[in-house]
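Those protein sequence lines, which keep their order, are chains A and B. According to the UniProt record's numbering, the residues represented by the first sequence are 1 to 370, in order. According to the UniProt record's numbering, the residues represented by the second sequence are 1 to 294, in order.
Bear in mind the hints are in silico, worked out from the structure with no lab data behind them. There could be a bad hint or two in this list.
[Claimed, not checked] Derived DEER-like restraints, expressed as beta-carbon distance ranges:
hint, chain 1, residue 1, chain 2, residue 2, range
1, B, A250, A, G328, 27 to 37 Å
2, A, G328, B, K190, 48 to 58 Å
3, A, P336, B, V121, 46 to 56 Å
4, B, K190, A, A190, 19 to 29 Å
5, A, R257, B, P290, 12 to 22 Å
6, A, I349, B, A281, 30 to 40 Å
7, B, A21, A, R364, 24 to 34 Å
8, A, S300, B, R130, 52 to 62 Å
9, A, A333, B, V278, 34 to 44 Å
10, B, E8, A, G331, 45 to 55 Å
11, A, R257, B, A281, 13 to 23 Å
12, B, V278, A, P197, 45 to 55 Å
13, B, R185, A, G132, 30 to 40 Å
14, B, G189, A, A333, 54 to 64 Å
Treat the numbers as computed from the prediction; the structure is a model and nothing was measured. The C-beta atom is built at its ideal place from N, Cα and C for all residues, glycine as well.
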Amino acid sequence: MDLDLDPATLGFQAEVRSWLAAHVPSELPSLDTADGFEAHRAWERTLFDERLSVVSWPAEYGGRDASLLQWLVFEEEYYAAGAPARVSQNGIFLLAPTLFAHGTPEQCARLLPAMASAEEVWAQAWSEPEAGSDLAAIRASAAKTDGGWLLSGQKTWSSRAAFADRGFGLFRTSGERHRGLTYFMFSLRAPGVTVRPIAQLDGEPGFAEIFLDDVFVPDEDVIGAVDNGWQVAMSTASNERGLSLRSPGRFLATAGRLVRLWQALPDPALRDRVVDAWIGAQAYRLYTFGTVARLAEGGSLGAESSVNKLFWSELDIAMHETALELLGGEGEADGPWLDGYVFSLAGPIYAGTNEIQRNVVAERILGLPR
Amino acid sequence: MKFALSPEQAQFADTLDALLAKSDVARAWAAGDHEPGLAVWRHLADLGVTSVAQDGEPVDLVVAMEAVGFHALPGPAIETLAVLPGHTDGALLATVAIPPHVPYAVDAHVAERVFVLRNGVLFTGTPGQRISSVDPCRALFEVTPATEVGPLDGAFDRGVLACSAQLLGAGRALLARSVDYVKQRTQFGKPIGSFQAVKHQLASVHVGLELARPVVYGAALNAVPVSAAKIAAGDAAYRAARTALQVHGAIGYTVENDLSLWLSKVRALHTAWGTGSVHRARVMATLTRPAGPH
Ligand SMILES: Cc1cc2nc3c(=O)[nH]c(=O)nc-3n(C[C@H](O)[C@H](O)[C@H](O)COP(=O)(O)OP(=O)(O)OC[C@H]3O[C@@H](n4cnc5c(N)ncnc54)[C@H](O)[C@@H]3O)c2cc1C
Numbered sequence: 001m002d003l004d005l006d007p008a009t010l011g012f013q014a015e016v017r018s019w020l021a022a023h024v025p026s027e028l029p030s031l032d033t034a035d036g037f038e039a040h041r042a043w044e045r046t047l048f049d050e051r052l053s054v055v056s057w058p059a060e061y062g063g064r065d066a067s068l069l070q071w072l073v074f075e076e077e078y079y080a081a082g083a084p085a086r087v088s089q090n091g092i093f094l095l096a097p098t099l100f101a102h103g104t105p106e107q108c109a110r111l112l113p114a115m116a117s118a119e120e121v122w123a124q125a126w127s128e129p130e131a132g133s134d135l136a137a138i139r140a141s142a143a144k145t146d147g148g149w150l151l152s153g154q155k156t157w158s159s160r161a162a163f164a165d166r167g168f169g170l171f172r173t174s175g176e177r178h179r180g181l182t183y184f185m186f187s188l189r190a191p192g193v194t195v196r197p198i199a200q201l202d203g204e205p206g207f208a209e210i211f212l213d214d215v216f217v218p219d220e221d222v223i224g225a226v227d228n229g230w231q232v233a234m235s236t237a238s239n240e241r242g243l244s245l246r247s248p249g250r251f252l253a254t255a256g257r258l259v260r261l262w263q264a265l266p267d268p269a270l271r272d273r274v275v276d277a278w279i280g281a282q283a284y285r286l287y288t289f290g291t292v293a294r295l296a297e298g299g300s301l302g303a304e305s306s307v308n309k310l311f312w313s314e315l316d317i318a319m320h321e322t323a324l325e326l327l328g329g330e331g332e333a334d335g336p337w338l339d340g341y342v343f344s345l346a347g348p349i350y351a352g353t354n355e356i357q358r359n360v361v362a363e364r365i366l367g368l369p370r
Numbered sequence: 001m002k003f004a005l006s007p008e009q010a011q012f013a014d015t016l017d018a019l020l021a022k023s024d025v026a027r028a029w030a031a032g033d034h035e036p037g038l039a040v041w042r043h044l045a046d047l048g049v050t051s052v053a054q055d056g057e058p059v060d061l062v063v064a065m066e067a068v069g070f071h072a073l074p075g076p077a078i079e080t081l082a083v084l085p086g087h088t089d090g091a092l093l094a095t096v097a098i099p100p101h102v103p104y105a106v107d108a109h110v111a112e113r114v115f116v117l118r119n120g121v122l123f124t125g126t127p128g129q130r131i132s133s134v135d136p137c138r139a140l141f142e143v144t145p146a147t148e149v150g151p152l153d154g155a156f157d158r159g160v161l162a163c164s165a166q167l168l169g170a171g172r173a174l175l176a177r178s179v180d181y182v183k184q185r186t187q188f189g190k191p192i193g194s195f196q197a198v199k200h201q202l203a204s205v206h207v208g209l210e211l212a213r214p215v216v217y218g219a220a221l222n223a224v225p226v227s228a229a230k231i232a233a234g235d236a237a238y239r240a241a242r243t244a245l246q247v248h249g250a251i252g253y254t255v256e257n258d259l260s261l262w263l264s265k266v267r268a269l270h271t272a273w274g275t276g277s278v279h280r281a282r283v284m285a286t287l288t289r290p291a292g293p294h
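In isolation and in its complexed conformation, chain B is listed as follows (with noise of 0.2 Å):
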């Protein structure tokens, strides 16, 4: 047993890391000017990185997610990477709906390709009516069936793994960020970050977030439901995100400040993908269900 990263997955995480950390697409991404996003997302589909569900093993799709939530890199990521390898022919980005957890299909505008999943049927789709996310980089549409393209099994649960993973990512950018800010914004004459209540906050965050990562990676193993994998990375991004508010005070309450680029993502994939609710009637399911042959 060796629970980590090998050498090559621990250096793709790093590759991504440095290639996300220079772009900087998000706010463009949401005022409608998809290029630069686009720029991006060619350069990781000349990695590879697209095709990481294809070519590689879960841990690989969740250390690119886990890059994607941490840079909050807009574009339909767990759509593209999870939920529909094999089926882009070539395209850049690819969005899809499920319903019913996954209602919309984020990004049909910028996507070149379109699906709807029914009862494990895949469906070409026809985007409808634009609806806004409390993320302003994920513009969600309604689709309706077009042609049926044939079974797809496992979606779902390749894009939950995937959402978890981008949970996680999201839930570290916040707390790496709010560590940072309080130990430079000043009061009382000294540094915030020196208040028992703003370090036990973010210890508490801290802890939620490393406790959850193994549940990912773990999930990616086969090891728990990738049910539990949303509600643990869920759970702990959300906790980051409140934290990461409240220690900002009035700033972190600003759309100017990028704060704001995960505050709204968390939000958006904390009910994404079915809501803390649902997995947690599919892990009850599992853990009661009958043993037996089979």
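Chain A with its partners taken away, still in its complex shape (with noise of 0.2 Å):
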């Protein structure tokens, strides 16, 4: 058992950490702007130039064919580093890896080097007014045409979607709740789509709803089988709630924010608040060390998932109330510890709620009746 870092890594870590060291930006503005957003493509761009904005990839479409524990110490260094928000997180972290495992050698050539790039910013379309929690419960369709399909319905709570460029999700196809779901990615500026922009609780509008009436989307832009969407889709949610989307790297980064903060503002009656922040970015940092070692034995991530998703969305929660407290009258005050907390109430929702992610812990790994 061991925690050193090869060679390679070593070597990778400090070009990393020189890199971002002389081209991180300092603050861009909100990427739920039209400006912020463009200035966030456009760092992006700058990453994808040196090969960084995908480093686990392929370098056939634009990564670097790094390892799990690169792309962690990867993500370490990125935020360690105080660089932007990913604009591009939903596509390359939660569509890439389902069309690595289900996409065509042509879907891969034609849309994983623009996704790297932000070229193409893409949106999750999971969610539906009647199907949140109950994803099977989706009701937006899908009927058979001339070389494609006509997507209808609507599609809600979409990530980055007001100014994205595209959109995947699940439509249905035929059959009912998990059979007869089919993965298609669509375009969100074709004809028949509409984009209503939602304010989230900062104001801003960080999410969307989306139209669909009758949007024609070619034969191959489906993903995996017809009707077998739902086992496709399932593939994507454990990254979402495992590594991919919420790597140690930015909680070690905000913890390591908190212990500085609290070195300014030393309130004794918080030490410990901080202290146990601290400890949890180092156990969720420690815990997935551990989950590489067990994936490179050949085991899958799985409900383990599930596990991940809980501690580090309450992790969240806990460093933004306890950064909050230590700015006393500030906290109320526009900042970045009060953007970071209203961004983390939402962690406990997105992805699965939390009680989802209790009933599966529960359920699936502890292996009590349903």
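Grab the two chains, each in its own frame, and use the hints to assemble them into the complex.
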């Protein structure tokens, strides 16, 4: 048992660290504004040109074939450097793993490079007004037509959709519940698509409703087999809850900032909460290294990703609550801690609510009866 | 990097598990009949477990102490395995007090060697008055220093690491017993484990233990302070204990039920070897230590 980085990973870490130190922009406007979105897109392009936007992908799509461990190291460096939020995260972390697992070589070659460079930013269109936790209740449908499909219905809570280029989601092609769903990719600019931005708790349009009215999608934009979308989608779900969407790097960086905030404002009554936040971030980091070892032995992520999701979402809120307490009367004033706090509040809701994750842990890991 | 037990370490864990699963010695120990427990300890000594801190890596110590915790093995395990290796002079068990955080020597009536550690200096100790613990398997003794033995470095930290591992093992046992129980206990015509209020509590316990475990092993590899391990494992195990009692209902609130062996152990170890408050202060001190050449 060891936690030592091999020489190649250490070299990679040093390269990433010095490149980020020289290139990370000072604060960009919020990515949930039109200007901010484009500024973040441009930053992704800068990363891509250095082949740092998707380090774990194959070189042919713009990556570096980095190992999972190296990707984690990249993430630690990225957040430690205070680099911007990833506007392309839903594409690179949720759709791309699905394409790698279920996409055709043609789809990968056509879609992945533009995703990696943020020339095309993707939005996840899974939820519907009547299908939230109960995703299998999806009603939006697809009807067969010459050379493709016509999508109709309503999606909602789609992050980044206000400014993004393309969406991916499940549509009913036959049957009921989990059976008869098909995984589609579609343009948010296609005729028949209406995007209505929704202001989030912070007032910015971080997600949107998507109305589809006979939107044509060619056959080549179906992922996996028709009527097999549920199985395809579930392979993305463990990525979303598990490592890729929320790697330890961001929480380590937040914990580090929280310790510095406490040093500047050393309230003894809050010391224990600061320490617990720091330990929580270390725990998540070490736990993840354990997951890396398990995956290297041929294990899979599966239901364990629910453990991750429960932990990071609650840790994130606890850290930000503690920071606001430390700030005292300044806690309600606009600032990065408040922004982070408001964002953290959504963690127990998106990517499958924490109640659903506890059901998964209890039933699939502990084996409790349904 | 490979943050997982090596095949040898995994096998060591399995061997200990198999051996300790057969031993059912805690109740006799609590009642003052130490012989069955000492037989287990002799077996462990033959396997080299009691000298694991000398012969192996800190990770091996953690593996051993996790098994001790999981099976609620009585006896001064932290003291013998982690704190005093090299000072047992061939004795099977040894014990020590390290004031202020370890004010009493556990099981000084059974251990053949009794010590006191004061300001990093080890003394042989003379046991005094016996004080009973919330854990009937832990007899506490006041000790007065007798003869100076010499300096002993890192003793408290090794004890804290071992205590963390023991708590982790005890917490895992509490969860395992609770999961078994809620699957077979029926109310309202269903296993109580099908109720969401029960499921969610046990899921939270599982998350706590899963995330505490890497902190304990990480501390063995010096990735985090041992104080972080004590906090993480202590809190996760304590939550496991509270939840275990709740999901067992009244049967859990009895001495007859074996759950009490782990409930009382976790309560005792949660404040033994430094409380959460003590260890949080230590962690903050390392985090805010001015960066410098040393
Ligand atoms: C910031 C943010 C970003 C999002 N981004 C996206 C996105 O990009 N794409 C997308 O498709 N969706 C997105 N979502 C939507 C998210 O996936 C859903 O909100 C989530 O699945 C929950 O669905 P719901 O909101 O309809 O709540 P509901 O399912 O109505 O749940 C409401 C409450 O009831 C509880 N509940 C429901 N069922 C059960 C049960 N069986 N047992 C116990 N409790 C239960 C829930 O846990 C929750 O507390 C986003 C949400 C947020 C907040």
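Give me the numbers of the hints this structure contradicts, sorted from smallest to largest. Structure breaks hints 1 and 4.
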